[in-house]
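Asker: Listed below are the residues making up each chain.
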Amino acid sequence: MRIPQSERELTWWEKIYLPEVVRGLAITGRHFFVNLARHVLHLLGFNKVPKGAVTFQYPEEVRPISPRLRTVHRLARRADGSPRCVACMMCETVCPANCISIVGAEHPDPNIEKYPVRFDIDLGKCVFCGFCVEACPEDAIRMDTGIYDFAAYTREGMILTLETLLSLEPAPYVKVPPQDRAADPGPIHARKGTVAPL
Amino acid sequence: MVLEAVIVLLKAGFIITVALTFGAVLTWVERKQSAVMQDRIGANRAAILGLRVIGLFHILSDAIKMFTKEEFTPARGDKFLHTLAPALSIFFALMTFAAIPFGDTLRVGNRVIDLQVANLNAAVLFVFAMVSLGVYGVVLGGWASENNYSFLGGMRASAQMISYEVTLGVSVIGALLIYGTLNLQEMVRYQGHMYAGWIPRWGILLQPLGFLLFLVAGIAETKRVPFDLPEGESEIVGYWVEYSSMKWGMYMFTDFIEMTLLSAMASTLFLGGWQVPWLMPDGFHFPWATVPLPHLAVVVLQVGAFLLKVSFLLWLQMLIRWTLPRVRYDQLMAITWKYLLPLSLLNVILTAAVLLVLR
Ligand code: SF4
Ligand code: SF4
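Residue numbers (this note's numbering), protein chains in the order written: chain A, 1 to 198; chain B, 1 to 359.
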C-alpha cells in the first residue's frame, strides 16, 4: 500500500527549530495580547469590540444551537389539542435503541384509526438518531424542543410519558407550519437553560 | 548585633514572601494565561460571597483542597524518605533566594543595608549547588515510593536535570568571564555602567547566546514543557505517581518557585538585575537630561524593576510552556549533549577570545 506522503522535508531553517519556535511564540503571544486587550476593553464598557474568548459561560449563557439539532422529543397535537399520533408503531419499530413503547387504542372518530394510550420514550436508551421522526407518517413525533440538558437521578426519571411529550413545546427558533399555529399555544420557553435565538 | 539579626530576618522574610507569593500566583497565572492565549476564559468559578475576582480565589481553594485530601504513603514505601523528599525539593529551591540581590543598598540613618540576604562571594556557585541538591528531592521521591514506575521516573528526571545542569553551568561562564566575579551583587553593579554613555551594559547585549542557552537549560531544569518528561502530569508516569495531597502540592509548588528562581537568576545575570536604565543612586541620568530623585524612590524603583523583570521572564516561560509540544526523551538528551553543550562551550571560547583581544 502506498502511504501518501504529506510530510515534506524540513528546510535547514526549520531544522534549527529556534526561528520556528519564535514564530510559534509570536502567534500565541499575539493571541494573548489581542485577547487581553479585548477583555480589558469589554470591562471598560466597549461592547462593540469582539469578545476576547469564544467561551460560553454555560449555565448562565447558552450557546445558540442549530434548528437542525436533534433534541428531546415531543408529540405534536391537532388543532383540538388531541395527539396527532395514530399509534401506528412505525417509530417503535424503527427505533434502533428499542426505547419507545406505545400502547394504542381504538379512536371514537372513525376517520382516525387509533390513538396512543401510553407513549413512553426512555431517554436513557435513546441514541438521538432521529429515525422515529423520519418514520412517522403523521409528523407527530418531533425532536425540536431545544432541550438537551435532561438528566435524572433514577433510570425511571429518564422515561418521558405521553403527558410530558404532549406538553413540550417547540423551541422558539423553530418555525411552526401555519396549519399548526392554532394548536401551538406559542412559545412558553421561559425555562432557564433553553436556547437563545439564533 | 541584635539589630543586624533583625535586619537579616526582615530581608529573608521579604524575599521568601516574594518567592512564595510568586509561586502561588503562578498557579493562577498558569490557568489564566493559557486561557487567554487559547481564546478561553479560564478558571473563574471560585467565589467568596459571590465575589469572583477573576478567579484569584482558585489559589485559595487549591490550597484548601491540597490540605484536606488524603495523604497517601505506599504501604511498602519508606515513610520517612517519602515525606522528606518533597520537603527537600522545596527547601533547596527556597534556599537559593538568599543569594539573589533584589536591590542596591538602602540607607536608613547612617546604616547601609545591602538589599540581599547573604552577600556571598561565590553566589553563583551557591545557587548552582542548591539547584543540584534539588535533584535529591526528585530521586528520593521516586525511590521512596517503592514503585518501579516512579523509580524509573525519578531516574529519568535526575538524568535530565543532571544533563541540563552541565549546560546551565557552562552557559553562564561567558557572563562570568565578562563580569570577572562570582558575586551576584557586583555583577548587577557592573551592568549599571553604560556604553557610549547611553546603552546599558546588560548581560543580554554582551551574551545573547549565553542568555538563550541559560533560558533553555533553565526551563529543562525546572522540568517545564517542552522538557516536562519527568512530570507530564496526564500522560507520563513520573516520579510523583505515589504522591497526593500537599506532598504532591509541594512538588508542584517547587516547580513554580524554581521558575521564579530561574527568572530571578536570568534577570540578575543577563537583564541587569535591579538596574533601571539610566537610574543612578541620585536619580535618572538620561543622555538628554538629569532628574534627581530621593533615595527611597530610587530604592523602590530598583526593587520594582527587579520584580518586573522577574514577572516578564515568568510570562515568557508561561508563553513557552503553553506553545510548544513536549520533546521525546532521545530528543531531550540530544538537544543538550549534541547542541546546547557544544554551543555553550563555543560561547565560552568566543567570549574568552574577544576578551583576550580587547583587554
Ligand atoms: S431518536 Fe432514535 S433512538 Fe431515540 S427514540 Fe427516536 S428512533 Fe429511538
Ligand atoms: S410513527 Fe408517528 S404516528 Fe406512528 S406511533 Fe410513532 S409517533 Fe405515532
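Treat the hints with care, since some could be wrong.
As the list claims (entries may be wrong) - Each computed SDA-like pair below joins lysine to any residue, with the alpha-carbon atoms no more than 20 Å apart:
{"hint": "1", "chain 1": "B", "residue 1": "Lys338", "chain 2": "A", "residue 2": "Ala37"}
{"hint": "2", "chain 1": "B", "residue 1": "Lys338", "chain 2": "A", "residue 2": "Glu14"}
{"hint": "3", "chain 1": "A", "residue 1": "Lys51", "chain 2": "B", "residue 2": "Arg40"}
{"hint": "4", "chain 1": "A", "residue 1": "Lys15", "chain 2": "B", "residue 2": "Leu106"}
{"hint": "5", "chain 1": "A", "residue 1": "Lys15", "chain 2": "B", "residue 2": "Leu3"}
{"hint": "6", "chain 1": "A", "residue 1": "Lys51", "chain 2": "A", "residue 2": "Ala37"}
{"hint": "7", "chain 1": "B", "residue 1": "Lys338", "chain 2": "B", "residue 2": "Ile349"}
{"hint": "8", "chain 1": "A", "residue 1": "Lys15", "chain 2": "B", "residue 2": "Ile349"}
{"hint": "9", "chain 1": "B", "residue 1": "Lys11", "chain 2": "B", "residue 2": "Leu106"}
{"hint": "10", "chain 1": "A", "residue 1": "Lys15", "chain 2": "B", "residue 2": "Leu332"}
{"hint": "11", "chain 1": "B", "residue 1": "Lys338", "chain 2": "A", "residue 2": "Lys51"}
{"hint": "12", "chain 1": "B", "residue 1": "Lys65", "chain 2": "B", "residue 2": "Arg52"}
{"hint": "13", "chain 1": "B", "residue 1": "Lys338", "chain 2": "A", "residue 2": "Lys125"}
{"hint": "14", "chain 1": "A", "residue 1": "Lys15", "chain 2": "B", "residue 2": "Trp337"}
{"hint": "15", "chain 1": "A", "residue 1": "Lys51", "chain 2": "B", "residue 2": "Asp39"}
{"hint": "16", "chain 1": "B", "residue 1": "Lys338", "chain 2": "A", "residue 2": "Tyr17"}
{"hint": "17", "chain 1": "A", "residue 1": "Lys15", "chain 2": "B", "residue 2": "Thr323"}
{"hint": "18", "chain 1": "B", "residue 1": "Lys65", "chain 2": "B", "residue 2": "Ser245"}
{"hint": "19", "chain 1": "A", "residue 1": "Lys125", "chain 2": "A", "residue 2": "Cys95"}
{"hint": "20", "chain 1": "B", "residue 1": "Lys65", "chain 2": "B", "residue 2": "Leu106"}
{"hint": "21", "chain 1": "B", "residue 1": "Lys11", "chain 2": "B", "residue 2": "Leu308"}
{"hint": "22", "chain 1": "A", "residue 1": "Lys51", "chain 2": "B", "residue 2": "Ile349"}
{"hint": "23", "chain 1": "A", "residue 1": "Lys51", "chain 2": "B", "residue 2": "Gly55"}
{"hint": "24", "chain 1": "A", "residue 1": "Lys15", "chain 2": "B", "residue 2": "Asp39"}
These are calculated hints, taken from the structure and not from any lab test.
Asker: Need the status of pair Lys11(B), Leu308(B): alpha-carbon distance at most 20 Å?
Answerer: At roughly 19 Å apart (the allowed maximum being 20 Å), Leu308(B) and Lys11(B) satisfy the hint.
Asker: Verify the proposed pairing of Lys51(A) with Gly55(B), using a straight-line Cα cut of 20 Å.
Answerer: The given pair, whose Cα atoms are some 18 Å apart, holds under the 20 Å limit.
Asker: Holds or violated: Lys15(A) with Trp337(B), Cα cutoff 20 Å?
Answerer: This hinted pair holds, its Cα atoms lying about 17 Å apart.
Asker: Is the straight-line distance between the alpha-carbon of Lys15(A) and that of Leu3(B) 20 Å or less?
Answerer: The given pair, whose Cα atoms are some 58 Å apart, is violated under the 20 Å limit.
Asker: Keeping to a limit of 20 Å between CA atoms, is the pair of Lys65(B) and Ser245(B) held or broken?
Answerer: holds, 8 Å
Asker: Mind checking the alpha carbons of Lys15(A) and Leu106(B) for me, to see if they're no more than 20 Å apart?
Answerer: Not OK: Lys15(A) and Leu106(B) at ~50 Å, beyond 20 Å, violated.
Asker: Between the alpha carbons of Lys338(B) and Lys125(A), is the straight-line distance 20 Å or under?
Answerer: violated, 58 Å
Asker: Does Tyr17(A) lie within 20 Å of Lys338(B) when you go C-alpha to C-alpha?
Answerer: holds, 14 Å
Asker: Under the criterion that the straight-line Cα-Cα distance not exceed 20 Å, is the pair Lys338(B), Ala37(A) satisfied?
Answerer: violated, 41 Å
Asker: Taken at face value, is the distance from the CA of Leu332(B) to the CA of Lys15(A) at most 20 Å?
Answerer: holds, 15 Å
Asker: Between Lys51(A) and Asp39(B), is the straight-line Cα distance small enough, at 20 Å or below?
Answerer: holds, 9 Å
Asker: For the pair supplied as a hint, Lys15(A) and Asp39(B), confirm whether the alpha-carbon distance does not exceed 20 Å.
Answerer: Violated: Lys15(A) and Asp39(B) sit about 29 Å apart, past 20 Å.
Going down the numbered hints, you'll see the structure goes against 1, 4, 5, 8, 11, 13, 20, 22, 24, while the others check out.
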